[in-house]
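Chemist: Letter by letter, the chains look like this.
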Amino acid sequence: MTQTPLDPTPTSRSGLRGWLLAAVAVAALVAFFALLPTPKADRPAADAAATDLPSDTFAVVGVRLFDGERVLPRCDVLVRDGRVAAVAEHLEIPSGVPTVDGAGRTLLPGLLDAHVHTWGDSLADALRFGVTTVFDMFTDPQYAAEVRRRQAADGNPGAADLFTAGLLATVAGGHGTQFPIRVPTVDPGVDADAWVAARLAEGSDYVKIILEDGSSLGHPIPTLSAARVAELAAAAHRHGVLAVAHVGSAAEARLAMEAGVDGLVHLFLDADPGVGTTGSVAHSIADAGAFVVPTLTVLESLAGGHGGAELADDPRLAAALSREQSGQLRRTFGLPPQPGLSLDNALDTTRRLATLGVPILAGSDAPNPGTAFGASLHRELELLVTAGLTPVEALTAATSAPADAFGLDDRGRVAPGLRADLLLVAGDPTTDVTATRDRVAVWKLGRPAPLQASEPDAAPGAAAPAVEAGLVSDFDDGLSARRGAGWQVSTDRRMHGESTAEIAAVDGHLQVTGEIAAGFPFPWAGAIYFPGDAPMQPVDLSALGGVAFRARGAGGPFRLMLLGAAQGGMPATASFAAGDDWRRVVVPLADLPADLDQVGAVLFSGGPGLGPFRLEIDDVELLASDADGGQR
Amino acid sequence: MTLTRSDVPASDVSSSVPTPTAPRPTALTPTVPTPTVPTPPPRRSMLRIYALEARAECLKLLRMPAFAVPSVAFPWVFYILFGLAFGGGRAAGPTTMATYLLATYGAFGVIGVSLFGFGVGVATERGQGWMLLKRASPMPPGAYFAAKTVMALAFSTVIVLGLFALGGAFGGVALPTGRWLLLAVTLVAGAVPFCALGLALGYLCGPNSAPAVVNLLYLPAAFASGLWFPVQVLPGFVQAIAPWLPPYYLGQLALAAIGVEPRSPLWACVGALALTTVLALAVARLAYVRDRGQTYG
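Listed in order, the protein sequences are those of chains H and V. 499 is the number that the working numbering gives to position 510 of the first sequence; each next residue is one higher, with no gaps. 262 is the number that the working numbering gives to position 260 of the second sequence; each next residue is one higher, with no gaps.
Bear in mind the hints are in silico, worked out from the structure with no lab data behind them. Predicted model, so just to flag it, every value in this text is computed and none were measured. Possibly wrong hints are sitting among the right ones.
One side of the interface only, derived from the structure: several residues of chain H facing chain V at Cβ under 7 Å [to be verified]:
#1 22
#2 25
#3 28
#4 46
What follows is a list of derived Cβ distance ranges for each label pair [stated by the list, open to error]:
#5 142/H with 234/V: 36 to 44 Å
#6 180/H with 237/V: 27 to 35 Å
#7 10/H with 183/V: 21 to 29 Å
#8 406/H with 180/V: 51 to 59 Å
#9 228/H with 239/V: 29 to 37 Å
#10 183/V with 179/H: 29 to 37 Å
#11 137/V with 187/H: 25 to 33 Å
#12 23/H with 222/V: 49 to 57 Å
#13 245/V with 227/H: 29 to 37 Å
#14 66/V with 12/H: 25 to 33 Å
C-beta: ideal position from N, C-alpha, C; glycine also.
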């Protein structure tokens, strides 16, 4: 039998070569997979503090202890395999167990934040500040399920523990529907029991209900009725979980108590009618046996306070704040002050509730403007003390009180058998509560956590180009701009709002006509300018002094907003007036606290009040930092 | 001298023509001619037939840069542009963008190479008349499809390994070795349902329409299945379509391999892909039977 040219019958030698090639290919594949990167240990290697701290089995010796309820002036605490093994004034520490010196320091249980909204890195951020457990009040259930899976698998040592309400209960168009997360609303006809069952099936630990008619925000929005809230609370109880409520006013708080809710996750900024009498809202909360998370931190920010900026400047926290967090702390809601609403009311109500024995829980409502994960809980402790609680009562509000309220018996205290979620600080927070910021060590399940933010892993090439001072647009040639991606109309319709606007270049100036309408809770409508090469591409304005333009109009006041490239949070806002005559307006950048080196857009808008407006602007300029000012 | 079957080397696939060895009927022997059923080649040579056909198929495509380069480079370029250049370190749920998109663009790549290799490949070869030749050869029909599947799996492996190298070297992707392997196996194995889909398309379309049809189905389906952007950020009506598209299920399996909770349970994903394979093979068979080589041979 001869071989034809088309017959590639291999000889025995090329058969061997075939096997050799196959072996080489397999070896190459094995080498390839062995070389692919695997995750490093949970904490960044650059953090020397964490690697110096012992893990799993160790003792903190000679330390002042706040165990969640009481203060022990001198104590030894032994941790074994991630759990607290013994607490006593003097312990015999077994040889070989590393010790941490507690002289001049205080050991506390890891803090619990009773009101947050988690996403992305927020749980890791919280842990750096000593917050080892958070109670989330609205997030994407799939994200929460993934975190819970990791918690169940290995305890998720690099991040705080998460308990969540999952999706919240609200009506169509109500508070909570303005975010990108799709919420199945509790509209008429929806069975409350089935809705609650669906949330629990998604992984919710408790039910959060919205009772918010918008009076604290300045304009009305639809809300659940008190009867529906009662149905939802009853359904939650039938399923064996707590029902908590978001309320925006004293009246809503009372309704929530009558509806059988177990706790309020906000206090209100208006005064308690009947304050000081047994008919007060505070009394109805006490009589109902409910707990309260005052969230004074976010109320302070809503009312226009700058506690967040002060927090960002605190040297004890600076190293732990990521750049995004610093920016968030400096942002404001940008709402004009509302009559009858002030932080003092909330502080007063907090004090009265504490006197009546209502359990007070510390919660930050991060990441709203003016707040940041972890850091803001320290501000909350400070505000609770300002309200009149003692430092020990405030520390209780962040440790054993939330654990008790939510039925957790493995944390919130330092006691044998409980988790070694611990916070070691320098100084004495039982006399000066701000000493909690001076963290020496944070342990979760006995494993030390980093105390500093790692290098921000910005996208490669993320430094935004600096923009020079100069004229942006004089509108003599239509809507064009001398630099940047130009002008467009922008309204809150993209966030399902109802405001409208039209812009046009008329007679050499920009005319913006529109109407701010109720719908989106933070409505806007107007003209937006993109200083970068593409819409929303960030630029660096930090070297500039301000924005100047000429304006006239009707239906003011108006707003100038800087929109950052980072998603989320409220834009920095400054208010300005414009009347019948043209006048020059200068807005210094100092009035617009924001990440000035990552500005994506400048928005000229009506509002925040509802109604029609007309704004005409001309000669828009970016000013250098030594320019003179004009009127506001 | 009559060329009989025993003289033909069994491995000579393309040049042999079976000849019946029936005796010549004569006027005095009115026997009904009984053609001898050609005996199948021995098992060792059967394996060699498959191996040769697979090797020929791979070589053919490697020598067609118009196919090989885009089908391999396209997912790599997409990943570089969207997974790496725009900030792979950003959070995407519980993982980073670079890791998330590694899974979804991996699915995109293996689906593409399978649909094009089969869909366009089979349609073109039908148009060229290959089918007639192949049917006339002793090559078992299974070898043709097995060879194309091997080709699709081989190209899929190249795509996946290339994506892994890009992600690991430039995207900061770091997974436990077990997950790297699981993702690779999931993606490469997941090419099979799309080989079946491609086969059905190859028999339903002609050589001129196949590239257009495959593109028109592949690209929008990949987009709507959440392979370019996560399904969660797509508009509501698009999200509603996704569970009807097979690429969606491969994308979810790939995400499950890297540790992202899939939106549909695992059994549903695997079942959907298995169902796709069975239905597509049935459609391919029907199309083949209906056609029976009449249109193109």
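Chemist: Each hint should be assessed against the structure and marked as holding or not.
Modeler: Against the structure, the hints:
1. 22: holds, 6 Å
2. 25: It holds, given that the least Cβ distance between residue 25/H and chain V is near 5 Å, below 7 Å.
3. 28: With a closest approach of 4 Å, the residue 28/H hint holds.
4. 46: At 26 Å from the nearest chain V Cβ, residue 46/H fails the 7 Å test, so the hint is violated.
5. 142/H with 234/V: 36 to 44 Å: violated, 23 Å
6. 180/H with 237/V: 27 to 35 Å: Holds - the Cβ-Cβ distance for residue 180/H and residue 237/V, about 28 Å, lies within 27 to 35 Å.
7. 10/H with 183/V: 21 to 29 Å: Check passed, 22 Å falls within 21 to 29 Å.
8. 406/H with 180/V: 51 to 59 Å: violated, 34 Å
9. 228/H with 239/V: 29 to 37 Å: holds, 33 Å
10. 183/V with 179/H: 29 to 37 Å: The hinted range 29 to 37 Å is violated for residue 183/V and residue 179/H, with Cβ atoms some 46 Å apart.
11. 137/V with 187/H: 25 to 33 Å: At 57 Å between Cβs, range violated.
12. 23/H with 222/V: 49 to 57 Å: For residue 222/V against residue 23/H, whose Cβ atoms are near 39 Å apart, the range 49 to 57 Å is violated.
13. 245/V with 227/H: 29 to 37 Å: 32 Å Cβ-Cβ, so the 29 to 37 Å window holds.
14. 66/V with 12/H: 25 to 33 Å: About 29 Å separates the Cβ atoms of residue 66/V and residue 12/H, which means 25 to 33 Å holds.
Violated hints, in rising order: 4, 5, 8, 10, 11, 12; the structure is consistent with all others.
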